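Visitor: Listed below are the residues making up each chain.
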Amino acid sequence: MKRRCVLMLVAVLSLTPLAGAAVEPLQFSDPAQEARYLNLITGLRCLVCQNQSIAESDAPLAADLRHEIHKMIQNGASDREVVDFLVARYGDFILFRPPFKPKTYLLWFGPLILLILGLAVFIRVMRRRTGEPAPELTDDERQRLGRLFSSINEEKRP
Amino acid sequence: MRRYLIPLVVFAVLVLVLAVGLNLDPSLVPSPLIGKPAPEFTLPRVKDTDKTLSRSDLLGKVALFNVWASWCTACREEHPVFMELARTNRVPIYGLNYKDQLDDARRWLTDLGDPYVATGFDSKGRVGIEWGVYGVPETFVLDRNGVIRYKRIGAVTRRILQEEILPLITQLEGEQE
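As they're listed, the protein sequences go chains A and B. The working numbering puts the first residue of the first sequence at 1205, with every later residue one more than the last. The working numbering puts the first residue of the second sequence at 168, with every later residue one more than the last.
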């Protein structure tokens, strides 16, 4: 019983990206196709309202693209084909997850590189602070130091 | 003194990167169609729906392809620029009427003037999707072979025409077939 409840909860929560979905009854007779459709439209950016997916966006272009994807899936296109179709016309920006390719290496590796650089600087600074030993005093300087200490001690005596 | 050099250089580089980045418009989406052939399409013409406008009509010369709609205020702003350009006969301008009503489109051309050789009526915006249109106005420059060489998102101003589009047209005309 408990396991079923948990599964139900997970299933319902997995639909939360659609909580803001624009009202639109695009039907699929095949639930597998519908699942693919929902997965695709939540992973594609609306180019008009660029912080929303085309599932959520009310923009006319988003509606057009939803219809287009719906049609493509019904005509037998694979997920890959739908994505390629859109990327060919709108570019990588339409994908919410940036692809991993030479053009986006800086995007993917950038934070890691900055972290390593930051750590390197940090280590260097820390070493500099604790590492330097006190320089050796010459005889002259040691005598001066001795005289300074005794004069301080004399001042301290009441 | 030298210990300040590295942070200073890093800071200078950061300032440079931010100065460039903050001056860019992140909402502009660069077109992946630059350098690719213009998409195939056939649409009825706005002024005479018995006739069609297709990709093949755009071939054979350097041409402009302007996406517009009667409901689009920025299109109204750039319209005089295209009228002036059309009067010079410098380059043929073709139109794509995007997600509009036929009557509204016709009235727009009658009232404001028609700078286009022909305008295709794309009421559903399906051809627009083929061109990667996501807002109006958008303007494409095609070379003689129908390859998209330039895309302008937003209104074409006189300055953009002078500084970017006209020099490009001249350059494309000088290219071999």
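What the hints contain is simulated information worked out from the structure, not anything from laboratory work. Treat the hints with caution; some may be incorrect.
What the hints assert, rightly or not - If we take Cβ atoms under 10 Å as the criterion, some of the chain A residues that face chain B in the derived model are:
{"no.": "1", "residue": "LEU1265"}
{"no.": "2", "residue": "LEU1269"}
{"no.": "3", "residue": "GLY1295"}
{"no.": "4", "residue": "ASP1296"}
{"no.": "5", "residue": "MET1330"}
These figures come from a predicted structure and were not determined experimentally. Cβ coordinates follow ideal geometry from the N, Cα and C atoms, glycine included.
Visitor: Hint by hint, say whether it matches the structure.
Guide: Hint check results:
1. Because the smallest distance between the Cβ of LEU1265 (chain A) and any Cβ of chain B comes to about 6 Å, under 10 Å, the interface hint for this residue holds.
2. A distance limit of 10 Å between C-beta atoms decides the matter here; for LEU1269 (chain A) the minimum to chain B is near 7 Å, and the interface restraint holds.
3. Taken as an interface hint, GLY1295 (chain A) checks out: its beta carbon lies about 4 Å from the nearest beta carbon of chain B, inside 10 Å.
4. For the restraint placing ASP1296 (chain A) at the interface with chain B, the shortest Cβ-Cβ distance is roughly 8 Å, inside the 10 Å limit, so the hint holds.
5. With a least beta-carbon distance of about 14 Å to chain B, the hint placing MET1330 (chain A) at the interface is violated under the 10 Å criterion.
Checked against the numbered hints given earlier, this structure breaks only hint 5.
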